[in-house]
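J.: Spelled out from the first residue to the last, the chains are:
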Amino acid sequence: MKYEEFKNLVIKAAEAKELKDYELYYNASESVSVEAFAHEINEFSSSTEGGVCFRVLLGGQMGYASTEDMSAEEAAAIVERAVENAAVLETAEESFLAEAGGTYQTVEEKHFVPATAQELVKTALEGQNIAYAADPQVINGTTTSAINESGTVAIYNSRGLDLSASYATAVIVAAPVVSDGKEMNNTYEVKLGSLDQIDLKEVIEKAVTNAKKKLGAGVAPTGNYPVIFGPKATATLLATFSSAFSAEAAQKGLSPLKGKEGQTIAAENVTLIDDPFYEESPARIPFDAEGMPAYRKAVIENGEFRTLLYNLKTAAVAGVKTTGNASKHGYSSPVGISPFTLILQPGTLPEEELLKEAGNGVYIDSLMGTHAGANPISGDFSLQSGGFMIENGEKTKAVKSFTVAGNFYEMLKQIDALSNKAEYQGMGGLTAFAAPAILVNGLSVAGK
Amino acid sequence: MISRVLCEKVLAAAASTGADYAELFAEKTFNRSVNMLDNRVQQVGDNVVAGVGIRVFKGLRSVAASTVDTSEEGLIRCAKQAAAALGEGKAEISIVLRERLYGDIHPVRIVPGSVETTRKAEILKSAYFAAKDADPAIVQVSGGLMDVDHNILVANSEGVYAQDRQIRTRLFITAVADKGQGTQTGSTGPGARKGMEFYDEIDPAAAGREAARQALVMAGAGYCPAGTMPVVIDNGFGGVIFHEACGHSLEASSVAYGTSQFSGKLGQQIANEKVTAVDDGTIPNAWGSVNFDDEGTPSHRNVLIEKGILKSYMIDKFGGRRMGMAPTGNARRQSYAYVTTSRMTNTFICNGEDRNEDIIASVEYGLYAKDMGGGSVNPATGQFNFSVKEGYLIRNGKICEPVRGASLVGTGSEILMKIDMVGQNLSRAQGMCGSSSGSIPTDVGQPMIRVSSITVGGR
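First to last, the sequence lines map onto chains A and B.
Position 408 (the first sequence) corresponds to 407 in numbering that gives the first Met the number 0; numbering is contiguous.
Position 366 (the second sequence) corresponds to 365 in numbering that gives the first Met the number 0; numbering is contiguous.
Hint data in this document are derived by calculation from the structure and do not stem from the laboratory.
If a hint is listed, it holds; no wrong ones were tucked in.
Simulated pairs of lysine-lysine, DSSO-like, Cα-Cα distance not exceeding 27 Å: (1) A:Lys-296 with A:Lys-257; (2) A:Lys-259 with B:Lys-178; (3) A:Lys-447 with A:Lys-181; (4) A:Lys-181 with B:Lys-264; (5) B:Lys-178 with A:Lys-257; (6) B:Lys-79 with B:Lys-89; (7) A:Lys-296 with A:Lys-412; (8) A:Lys-121 with B:Lys-79; (9) A:Lys-447 with B:Lys-397; (10) A:Lys-211 with B:Lys-264; (11) B:Lys-57 with A:Lys-121; (12) A:Lys-181 with B:Lys-417; (13) A:Lys-6 with A:Lys-16; (14) B:Lys-273 with A:Lys-447; (15) A:Lys-109 with A:Lys-205; (16) A:Lys-251 with B:Lys-178; (17) A:Lys-231 with A:Lys-296; (18) A:Lys-205 with A:Lys-231; (19) A:Lys-396 with A:Lys-212; (20) A:Lys-121 with A:Lys-109; (21) A:Lys-121 with B:Lys-89; (22) A:Lys-394 with A:Lys-212; (23) A:Lys-19 with A:Lys-1; (24) A:Lys-11 with B:Lys-27; (25) B:Lys-89 with B:Lys-57; (26) A:Lys-420 with A:Lys-205; (27) B:Lys-79 with A:Lys-1; (28) B:Lys-417 with A:Lys-447; (29) A:Lys-327 with A:Lys-11; (30) B:Lys-27 with A:Lys-1; (31) A:Lys-420 with A:Lys-394; (32) A:Lys-327 with B:Lys-27; (33) A:Lys-412 with B:Lys-178; (34) A:Lys-6 with B:Lys-27.
Pair ranges (Cβ atoms, derived): (35) B:Ile-104 with A:Gly-222: 48 to 58 Å; (36) B:Leu-100 with A:Glu-29: 32 to 42 Å; (37) B:Asp-103 with A:Ala-71: 27 to 37 Å; (38) B:Gly-221 with A:Glu-260: 27 to 37 Å.
Even glycine gets a Cβ: it sits at the ideal position worked out from N, Cα and C.
Chain B on its own, in the form it takes in the complex:
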């Protein structure tokens, strides 16, 4: 992309007014997608994102500038703009870059750009029509197959000059069912940091059938009763509870500013002792994995909570300065145009010791959330919400009728203490996480868990 020599020049210009850290992030990303609705291919997306983001720090000040003009003049201009915004002063650091090969533990067999769009449409169709043809009550299906070829270069004044090629692909199917009581949707979205070989490993048709099954179940469901009750949340995307209730509050972007419910709580118990949780960016081919982060720090496996005790935050370089702590490989940005901050990679609650059947049997009256939708959180107050995509009532230890329209709300610090049973079927699921540095791929995950009491919104 940009030569080491030119990067040195640009970083020197960026640091010319006294910065103590300078960084260049360059990318060229190929985004492609095929989308279907009404049984037809309606849209082919095809976009090239290309640009450079430059950052300089001086103490606790950060300046970021980005540009789409990647000519030498354009880069120097952008660097000088950042230097000028930092203030007046003389260069205090010298820039010497050494090329680094961090390696790639995410092998890709079939690069998506080398596959015809018509072939991608065929894969999407096999999933799409599996959903559409599942039942006459499926009234509409939408679907998409997307792939991203994200080429990045990170160079910084600590001497890093490294490149990575992040290839990801994902299939989305949303089925809409109507059994005469209003429409309900079901959806699936499997993805990985892999190439097109991913679709030989999963069965796209099964993903389509799963979306249809969920829509059909929910279309036949009544409304969820509102109230406070025990809730059993199953594995996979159920892990969104940890992502929202806790994960965001452990990011340096809120911890460093004292605006997190968990600021200053390292070494303290913040969760039930049954809870051990990890953020792991090193899982081969996982959706949220990176070889190194967007500041050039190699990715880590960070134990966040061990048996209820807070062990680690997720830290980027700038947040780390305020906290006096080292970065953890969690610095991420959607693109060069966003300012990097601390984010999650693959975050999950580890397997526990409870048997899943015992968890269900323990609930006299409550909710079983088989699958979860998205959610959001305010890290300062810890208040979170998320929707239950597929829920059932539990009566006398047995899973009973499905219920629609449920949502779960609460406060992270309270809920973490109330996770009093943890099962053994850990699995991860894919999501897109939105925050100040844009939308990035992350995995959530957990085994089945029980929350002893939580507010369930319904009607």
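Extracted from the complex, chain A is given alone in its bound form:
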């Protein structure tokens, strides 16, 4: 059955049990994806996913139950299960539901023309032609994909809140494989937007160029160098350590930023903004996962730590207002805290100047294994990296298979300069990051 019908059945079931405080959260997404390989369509997939989460506030505890099975039996069953689950909880902090009547920012409609399946097929195949034409070193294994993604989020609660929003984007993924006869390398480039406005040639050629540059890469020599993290690598670091800005992590002793609001935690050139309405974001939703208004805020301003990110529960504990950062990773997950698009504000230097400033060191444009080699609680990281040597202020030979190690929180204070252009990095889901390249003097590199 459709969500609206299911919602009414859930409300009836909740009323029959005389529940006073409850919420229904719905998230559904559709995706159509076409992947081309060796000038043929290799894989076509379309998926419809979606589910609902029922939350009930009983005795100060918030019980959850979720389902994808939108049947009449399940409508009654999730209410039942959420009530049972609430009884097991021992949370010390009070839980809340959003009150209706908040002011929500109006989101400006973006130009978006949903692509048809035929257009996706055409684009993926055209991508193959462009990739193979781009360079003779492009080999079999190269895939190009065109994807349509759309979704809906809706929140209803017993306080009169009834919100919904939807989003849609096309995605181009270029994944070229190149070989010089001796070794193989691959990379990928992702571009979001309206299909009719994406420059396919630019995206694919950029990916091919990047893949080629890494052929014949050596291993960086072990030592302590000035390091430039490229925009993608900087965004990866931000993503890895962004949980430290969550008030929940701070209140549970899992963030070193606890109690540091108002203090200087970063170099003066560091300003970090959380923006739900960032221009390049495909999902600009005016409310958070609890239904509270979303808004733009500075997390760090000129090195000063302005605010943690809060949801209703953690804001009440701290005695402040929520920052509207309640989030869910999927419809069934507990309400946590995340940024929308977390932006490290660009600096003033073009990247060439940043390289000159570094003199001799390493330029890192990819970081891998962040789920294993980085600890958001301590800030320590030791990550597999790829990039280039910097010699006399210029990028020279490609390097791979080395690690860069340091401490994120110490590094925030040691950012010497930032480049003047931020790049947007979607990470899947509603959270994204944008960052320029940054220069950090003196990080430990382990290679040969």
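Starting from the structure of chain A, add chain B where the hints point.
T.: Below, chain B without anything else, positioned relative to chain A:
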């Protein structure tokens, strides 16, 4: 779940435009979890995942469609959508399904859904407080107990109509210790393809104490020095080195496209002759085991590498078409919404002939990785990384002080040749492996091994 007759109808609709293979995967999965932090039960997870994924192939083309609408109309609509995406044509295969009973070699005594959540919370608490109370330097503990009741049905145009019920449970404890030099974590996560009887077989409190012990050791450790050195990796989760450095590159999803470092190398030496490695989905009650895979192929024990020689890849039906090889029982997906591909089950390096004490004694200066964290790999280049959760320096053949923050990086093909000692204490450990078909349970494993030289990241 879905009757054989309806499956036949749906598959016929899916194959109506000329597919040479059609498949239906249906699931109803009950995911439950209890989570603790700050000494309290903070969250009870309770989610039902239900839906159907339909796939059709024609030659080297694959079309997949999934839906949450499992009514007859919904299934036919989804099947027709897949058929339309495949192109225009007439039906070329007829669908006749025969019910198959593959059997179940993973007996479950206590179905988790039949146990009160309060009882699960009690088990979790015994582990949680064993960690919390281990030492005053343990400043925080988080823990969870999860169980999954994954009911699947696979029907395909080769006549398979089979159902399986995969029940798994796992306990996680992460302890955070602080001795004034910054916090460090320790963690354990034992799990099995078993019901709640698993917690009578293991001691949950011991799992909690182990997490605390590791956090305490690492909280007192200095940073690991960086450089290239011999590394001894101990058993259990140490097997993640093989999983990352080699396992992913032996999956058809990269081999079939020529984008694996090991494409075209069957019968060739790719590892040191001391290395024999296996992927075995048939181990009773193991975390990564399946009775049959998500395409309806019975699970196998596949010898991947025998004495250094590459013997087999891990192959799903679609990858197998490109490779001209039969599927090996490795087709897996997180759920109906993901497109199935070749994945690992329980993958491990077999016992060798070296004595563990000789392995340690052989190292003049190097790293002893007692426990490993996660990692990742690019199968095309073979470049991998993983973190060392609990490491010690070895000097003059003796294990010395603990070191924190170490990671290992390298290239699979190089590292495999450098595994020059293999010990005798094989054990397996549980992990979740992420790839294009989602997050799936897999075991990694090995006895103690020595890698003669590897890049250690530290500072």
